[in-house]
Amino acid sequence: MEMTAATAQQAGKVRVKDEQAVWNHYNSGWQNYLDVAKAARAAEGQNLARIFNLCLAARGAGPRKERGRYLPRIGGEVLSDRVSQMSHLAYYSSVVLETIRTRLPESTGRIVEMGSGWGAMITSLWLMGAPRDAEYWALEYTEAGRQTSQLLADSEPRFRLQTRAFDYHQPDFSEFTQPLETLVFSTYSIEQITFIKDELIDRILAIPGFTRCVHVEPVGWQVDPGALVARLDRIGKKLGLPPLSQAMAARRRCWRHGKNRNLLETLRRYERAGKIVIETIDKDLVANDPLNPGTLVVWRKA
1 MEMTAATAQQ
11 AGKVRVKDEQ
21 AVWNHYNSGW
31 QNYLDVAKAA
41 RAAEGQNLAR
51 IFNLCLAARG
61 AGPRKERGRY
71 LPRIGGEVLS
81 DRVSQMSHLA
91 YYSSVVLETI
101 RTRLPESTGR
111 IVEMGSGWGA
121 MITSLWLMGA
131 PRDAEYWALE
141 YTEAGRQTSQ
151 LLADSEPRFR
161 LQTRAFDYHQ
171 PDFSEFTQPL
181 ETLVFSTYSI
191 EQITFIKDEL
201 IDRILAIPGF
211 TRCVHVEPVG
221 WQVDPGALVA
231 RLDRIGKKLG
241 LPPLSQAMAA
251 RRRCWRHGKN
261 RNLLETLRRY
271 ERAGKIVIET
281 IDKDLVANDP
291 LNPGTLVVWR
301 KA
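The working numbering numbers the first residue of the sequence shown as 1 and each following residue consecutively.
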């Protein structure tokens, strides 16, 4: 299915992410982790924990996102800038991972991450005690991301991870033919798709054994996009005034960078049609980058 008529009309008025630019940016970024992982594998041998944590250390050594007066938040609480970037990332990641892990009963047979990057989240899930013998699938757009995930998987025989190329614009889950209890998740990847199509939700629902989908994506501003404060901020923006709040500053940034605009709109439409049930929307749950807060969205088949 294509985008709805209203969404298609919107798309003609806003900045839409350039697919090739997204690929170039992230493939280059994940190449850095691939280089670290290769060096660690040569030094450490078949030792997933050591290789993975050296990659995390490289991630934590990166520069902190500086956003003026805005600071990182977890659950609405401000994190002190006296704490290192590595500590912020560890706290942020643990909160995100716990929201996913608690929705993974031992009966889960297949765990699928869409837009898996270099494999950080799906590998962390396995290491922190998600079902050991389930199938793990890292579906990723970039070559460097897939190669890094595969290197991690090859470092631990009991970690049943497989990597596949994946494009949100042409989502393909046809390889999943066995009716295994399945959880699908995404963390900060749908953000790169300005307008998702109905086809994505339809194909997730069609996965044999699909039970639940978990997203952590910067879509908090979509929770109540017509709110009075949002309308006032739009007026203020036209007048050249600063944002009214951190949430409004994040909203402006999402619009300016062509980030996803219709995930919640699409899911709510499917819920009204009786196809899914939205279990949870926890607005702006995590924000290591103060102006890119992730909202938790959990839904299941009706």
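Just so you know, not all the hints are guaranteed correct.
[To be verified] Keeping only pairs whose Cα atoms sit at most 20 Å apart, straight-line, the calculated DMTMM-like set for lysine to aspartate or glutamate is:
id	residue 1	residue 2
1	Lys38	Asp224
2	Lys283	Glu98
3	Lys38	Glu77
4	Lys38	Asp154
5	Lys17	Glu44
6	Lys275	Glu181
7	Lys17	Asp167
8	Lys301	Asp289
9	Lys65	Glu44
10	Lys301	Glu143
11	Lys283	Asp224
12	Lys17	Asp198
13	Lys38	Asp167
14	Lys275	Asp167
15	Lys237	Asp224
16	Lys301	Asp154
17	Lys65	Glu271
18	Lys275	Asp202
19	Lys17	Asp154
[Said to hold, decoys possible] Across the chosen pairs, the derived CB separations fall in these ranges:
id	residue 1	residue 2	range
20	Leu241	Arg15	40 to 48 Å
21	Ser84	Leu241	45 to 53 Å
22	Pro242	Asp133	27 to 35 Å
23	Leu241	Asp81	23 to 31 Å
24	Ala49	Gln178	27 to 35 Å
25	Gly109	Gly236	29 to 37 Å
No lab work stands behind these hints, which were simulated from the structure alone. Ideal Cβ positions, reconstructed from N, Cα and C, are used throughout, including at glycine.
Worksheet item: Broken hints, numbered, in rising order?
Response: The structure breaks hints 1, 3, 5, 8, 9, 10, 13, 14, 16, 17, 19, 20, 21, 22 and 25; every other hint is satisfied.
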